[in-house]
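Enquirer: Each chain, written out:
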Amino acid sequence: MEGTAVRGRLTWQVATVVAATWETPQTKRIRFALPDWPGHSAGQHVDVRLTAEDGYTAQRSYSIASPPEVPEVELVVERLADGEVSPFLTGELRADDLIELRGPIGGWFVWPEHTDAPVQLIAGGSGVVPFLAMLAHQRLTAASTPVRLLYSVRSDTEIIGRPELAPRPDLDVTYTFTRAAPDGWTGPTGRIGEALLAAHAVPVAHRPHVLVCGPTAFVEAVSRGLLDLGHDPARIKTERYGGMGETP
Amino acid sequence: MTAALDGNALAGPLAELFAIDLATAMLTCAHCGGSGPLAAHPLYPTGPAMVLRCRDCAEVVLRYANDAGGIRLDMSGTRLLTVTQRAR
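Line order of the protein sequences matches chains W and P. The C-terminal position of the first sequence is numbered 248 in my numbering, with every residue numbered one higher than the one before it. The C-terminal position of the second sequence is numbered 1088 in my numbering, with every residue numbered one higher than the one before it.
These aren't lab readings, by the way, just hints derived from the structure by calculation. No experiment lies behind these values; they were computed from the predicted model shown. Where is the CB? At the ideal position from N, CA and C, for every residue including glycine. You may find that some hints are simply not true.
To be verified - Cβ pair distances, simulated, as ranges:
hint: 1; chain 1: W; residue 1: A117; chain 2: P; residue 2: T1084; range: 13 to 23 Å
hint: 2; chain 1: P; residue 1: G1034; chain 2: W; residue 2: G39; range: 30 to 40 Å
hint: 3; chain 1: P; residue 1: G1034; chain 2: W; residue 2: R9; range: 28 to 38 Å
hint: 4; chain 1: W; residue 1: G187; chain 2: P; residue 2: A1030; range: 43 to 53 Å
Stated by the list, open to error - Cβ-to-Cβ under 10 Å is the rule here; a few derived chain P residues that face chain W:
hint: 5; residue: A1004
hint: 6; residue: N1008
hint: 7; residue: G1012
hint: 8; residue: A1019
hint: 9; residue: I1020
hint: 10; residue: T1024
hint: 11; residue: L1038
All chains should be modelled from the sequences, with the hints used to inform the complete structure.
Expert: Structure below.
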């Protein structure tokens, strides 16, 4: 969006729900129509605000799952049992409902455009969501950037983003299952640590850009593993979720 | 001390006050002189104010609240805010 006029201050806008479908038993993919959407970069997020009848408000940040190339904005929201916002978004929201949304936000945790270096994405659970936007963007722009995704997920029923992660020649996805692997699975299992990173991530010598997204404990364990392997801290970007009253 | 979130999650709330995206802005810590992008600082979001801490010395560099008392921004822990690029 370089070269465009400086926009005014970011304000809340009303989004209309176009569709809300279960992505996994615990997550819902929600598509919004936003008449005044200025466009976004792959990896950016939005804030969603709910207001109760007594005026109490709660707001949470959610990564955008859809690429900049499509006009509607998709979020994938995981239902957290003790959450203030996610039970409403996953359980109550229907097509044609209106909701307050602010974005796009954050020019930091975004797809590295115009780089020759390979990109390594590392996701834990619903931390894969910003990467869905990045991978769809990479596919739609036919970017030649080599990209690998290492995705830690509890079981195959909890895989988010099957459409975006479907096998294609320019995408290398490795799953590791931390709770239950599918029958006959011969790939990695267990949490991502130094050994799994050494075996399945882009080697340090190729100087990859590394983006890590997941629950706080996941991001910290993966970051430690990357640093122990000798990855350049300046090329590692992280995004944690959790907190804000919700526990992952 | 486990960080709950990254400063990235503070970029939206700060847009209530600033016209530009501060996620990529560089903050220089007033306590130790360490610096880094706002988005990469550990953020503790659940208190009365959202608290951003220094990656190097863990001191508070910025506090932000928006509630019935109004919008309050405490940057006494930030020596310098540098906007290096505009994301929008």
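Enquirer: Identify whether the interface hint at A1004 (chain P) stands, where standing means a beta carbon of chain W within less than 10 Å of its own.
Expert: holds (3 Å)
Enquirer: Does N1008 (chain P) meet its interface restraint, that is, does its C-beta lie within less than 10 Å of any C-beta in chain W?
Expert: holds (5 Å)
Enquirer: So the hint says 13 to 23 Å: do the beta-carbon atoms of A117 (chain W) and T1084 (chain P) match that?
Expert: This hint holds: roughly 20 Å between Cβ atoms.
Enquirer: Could you see if the CB distance from G1034 (chain P) to G39 (chain W) stays within 30 to 40 Å?
Expert: At 34 Å between Cβs, range holds.
Enquirer: Close enough to count: is the Cβ of L1038 (chain P) nearer than 10 Å to one in chain W?
Expert: Holds. Min distance 8 Å.
Enquirer: Could you check if T1024 (chain P) really has its C-beta closer than 10 Å to a C-beta on chain W?
Expert: Status holds, d = 5 Å.
Enquirer: Are I1020 (chain P) and chain W close enough, Cβ to Cβ, to be under 10 Å, as the hint says?
Expert: holds (7 Å)
Enquirer: Is it true that G187 (chain W) and A1030 (chain P) lie within 43 to 53 Å of each other by Cβ?
Expert: For G187 (chain W) and A1030 (chain P) the Cβ distance comes to about 48 Å; the hint holds.
Enquirer: Do the numbers back the hint for G1012 (chain P), that is, is its least Cβ distance to chain W under 10 Å?
Expert: holds (4 Å)
Enquirer: Within 28 to 38 Å: is that where the Cβ-Cβ distance between G1034 (chain P) and R9 (chain W) falls?
Expert: holds (29 Å)
Enquirer: Min Cβ distance, A1019 (chain P) to chain W: is it shorter than 10 Å?
Expert: Constraint on A1019 (chain P) satisfied, holds at 5 Å.
Hint compliance for this structure: every hint is met.
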